[in-house]
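Quick mapping for you: the protein sequence lines, in order, are chains A and B.
This note's numbering runs 14 ahead of the 1-based position in the first sequence.
This note's numbering runs 723 ahead of the 1-based position in the second sequence.
DSS-like mimics (lysine-lysine), calculated; alpha carbons at most 30 Å apart, straight line:
#1 Lys80(A) <-> Lys797(B)
#2 Lys68(A) <-> Lys825(B)
#3 Lys73(A) <-> Lys803(B)
#4 Lys732(B) <-> Lys797(B)
#5 Lys797(B) <-> Lys71(A)
#6 Lys835(B) <-> Lys68(A)
#7 Lys71(A) <-> Lys803(B)
#8 Lys166(A) <-> Lys835(B)
#9 Lys781(B) <-> Lys68(A)
#10 Lys825(B) <-> Lys166(A)
#11 Lys833(B) <-> Lys166(A)
#12 Lys80(A) <-> Lys781(B)
#13 Lys798(B) <-> Lys68(A)
#14 Lys781(B) <-> Lys73(A)
#15 Lys798(B) <-> Lys71(A)
#16 Lys71(A) <-> Lys807(B)
#17 Lys73(A) <-> Lys833(B)
#18 Lys797(B) <-> Lys73(A)
#19 Lys781(B) <-> Lys71(A)
#20 Lys68(A) <-> Lys833(B)
#21 Lys68(A) <-> Lys732(B)
No lab work stands behind these hints: they were computed from the structure.
Predicted model only: the values in this text are computed from it and were never measured.
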Amino acid sequence: MSFSEKFYQNFIEDNRYMYLVNGLKNTLIITVFALLLGVLLGFIIAVVRTTYDKTGKLKILSLICKVYLTVIRGTPVMVQLLIIYYVIFASSRIDKLVVTSLAFGLNSAAYVAEIIRSGIMSIDNGQMEAGRSLGLSYAMTMLYIISPQAFKNILPALANEFIVLLKETSVSGYIGTMDLTRGGDIIRSVTYEAFLPLFAVALIYLVIVMLLSAAVSRLERRLRSNERR
Amino acid sequence: MSAGEVLIKIEDLHKSFGSLNVLNGISTEIRKGEVLAIVGPSGCGKSTFLRSLNLLEKPTSGTITFEGVDITDKKVNVDKMRQKIGMVFQQFNLFPHMTIQKNIMLAPVKLKLMSQSEAAKRAEELLVRVGLPDKANQYPDMLSGGQKQRIAIARALAMNPDVMLFDEPTSALDPEMVGEVLELMKELAHSGMTMVVVTHEMGFAREVANRVMFIDEGIIQEESAPAEFFTNPRNKRLRDFLSKVL
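The shape of chain B in the complex, shown without the other chains (with noise of 0.2 Å):
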């Protein structure tokens, strides 16, 4: 396991919708330059635990420290917080309307973090990095998922942050786009960047995970590195989970 400084601390993390419970405490840290995957069958919470990272959803209790601020304190920035985490969603969320060089720039430039020309040179750089940068003057429908999703990557990338969280990045793409989108995640992995990834491809956990958490009825089951994850899981649940799913 990767032994950088802890990036986020979770503790007793509690999240419910009207009665019912979604996450019922989990409390976990993640260190930088970490990757870490979530499994777990749909419905066990592991999405709204990623979501929880950023607070697009809140927590109903529970404290998410991000590099040694509390969070889930209502005094703390949030949309501060949120320009250091990155995140890409099942359903990529690119902005129909500006072209793709337009959706990368925006964030940088409306926050006043880039100028125009910074942000036009950095969207270049990382349009080239996700193996796209003839497609800066398209608009998004004109995109295949699998190239969605690795722009959706470019956007987030382009506000330079320390974590990215991943909510099933493979999961609505058609098989043939999974592996050019899990390229790049491993690409970015092997640069160092901190990613916690919700995922269904366990292929992907076992092989570029540091770590590999199993979360039911929300709470973490078990956590390990991937090769005793796989291999020797002692969870009851996680053994029959692992039996579906390979």
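Chain A with its partners taken away, still in its complex shape (with noise of 0.2 Å):
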């Protein structure tokens, strides 16, 4: 068979290249869904802990975000999205994007946490004494002195997390959610062709990537220039 008749094969007959289409869909939904979860959840982490670390209020809390930092960053991924799917919500017939979308979430908002925390920590003391020094309360002095400066310091770093929560959701076709991977591994078990589907799957992550990583550094750029001459 030659290149054209399989290429036609595997993603024009039956439009079988609408598998990739929707799975791409399914996949960038549960990023974005996850990302935003994450960043929410893990700046709420985020400043828990550092207010722990540099005032002692907040023990209690600052102790169970410690706690699900260590589950989280402890138990393989993988593992925490069947526990959420075949425990937490196996007797509910939730929708599995949403639960897919859930427990990535969940899961980054550990690392998220830990990218914000070590972001305001690398801020200067000193921000923080001549926020409050001017009569800024804590809250204050966090929101518009030491986080937009942090956010700026911990954008690669949150921009690198996106990419890999992208990659990370490759999995999620184990609880049958169907994302980019699912579909182009559909497509293999129908063709028996595996070289075509499995390769388009990964160009097209890898294409996502390489756009992703060109539109941080832009961002990047106009954030710095701000600054600078």
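Two chains, two frames, some hints: make the complex.
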């Protein structure tokens, strides 16, 4: 069979490319929602932890956060996904896309929390003191002075987390979520041809990651030009 | 010595970091309009004392009464108190992600003490006062050390504080930039601002201060008017200190 015949068989016949299109759509949905949840929850965890480190307040909350980080980071994301789907949501018929997004969001939160925390810690203590000495509260100083600077410092790490997350979601097929990887795999199982569908999947991941990396370096440059001549 | 009413009254202030006792019972008063210079060897506790005055360091014991309120009392709103106590740091601590104008406007606007336009007008006035009216839209990283410190002073003044604390304001500056900052502080002192200045600039202490305080080993070893302080020091440690720095 020639290459063009194979190509036709794998992607065109029976509209098989739609497996990839729908899979990609789901992969992006999962990644975006997981990241949103991860950043939101991660930010809360990071603030709780740094507040405890800096002021000694929120001790119990900080302890809970620490346990959360230990458990999430100490177990594989696939195991977490399986547990969330087969144990926690075992009796409810909830959409797989939602479960997957939730699982990856909860997982990502732990990593994002540490990224944000390192960002907050990287800001010189003099900034906090300057804010407080002007009469701004701890929260206001965090919001207007520390966070914007911390965000800029962690942007590359956060983007990297987004990229890692995008690739990690490729295991969501294990609970039957129709993501990009699963889409390619279905084509493979129908056509008994591994090379084309799997390389197509790999290529799509690669292109998205490269686009994301380019977008991030542009954003970084723009943020930096704010400060310098 | 200035005869204004007492603005800050410090009684038996102690501060320790773990087992290290930094302040060992400091009592003094700071009067309205007074310029108090604090000198002493490195690690003597002078910065810790200054930083206690706006509770950047929490005293271990003792009281600080500011405008009649004991600010070491846990029930007191520290943020409210700090609005009236300006502070200038050795390392400037300008906000690098904001323009000079935004640096000055931030606190008054966010604390709802001024509207945007009022704060902008105030920033403009202050920039003229510190001699940098053309820097409003630049970022801190574009300025020299001396300029940064003058902006830091303007930022503190934007809150219309009743007292200004200076923590070694010229120690991080290149020698040729020390003068411009001291000149501004001198102008500020002549305008009647109450100032507490931790400094190594003996010339400034002698010329501008109403009172000079020598702290060593966490206690006030000597305090007097500058003429007396520099020409007729009684304390032996002070004599040693002065012989090294003058």
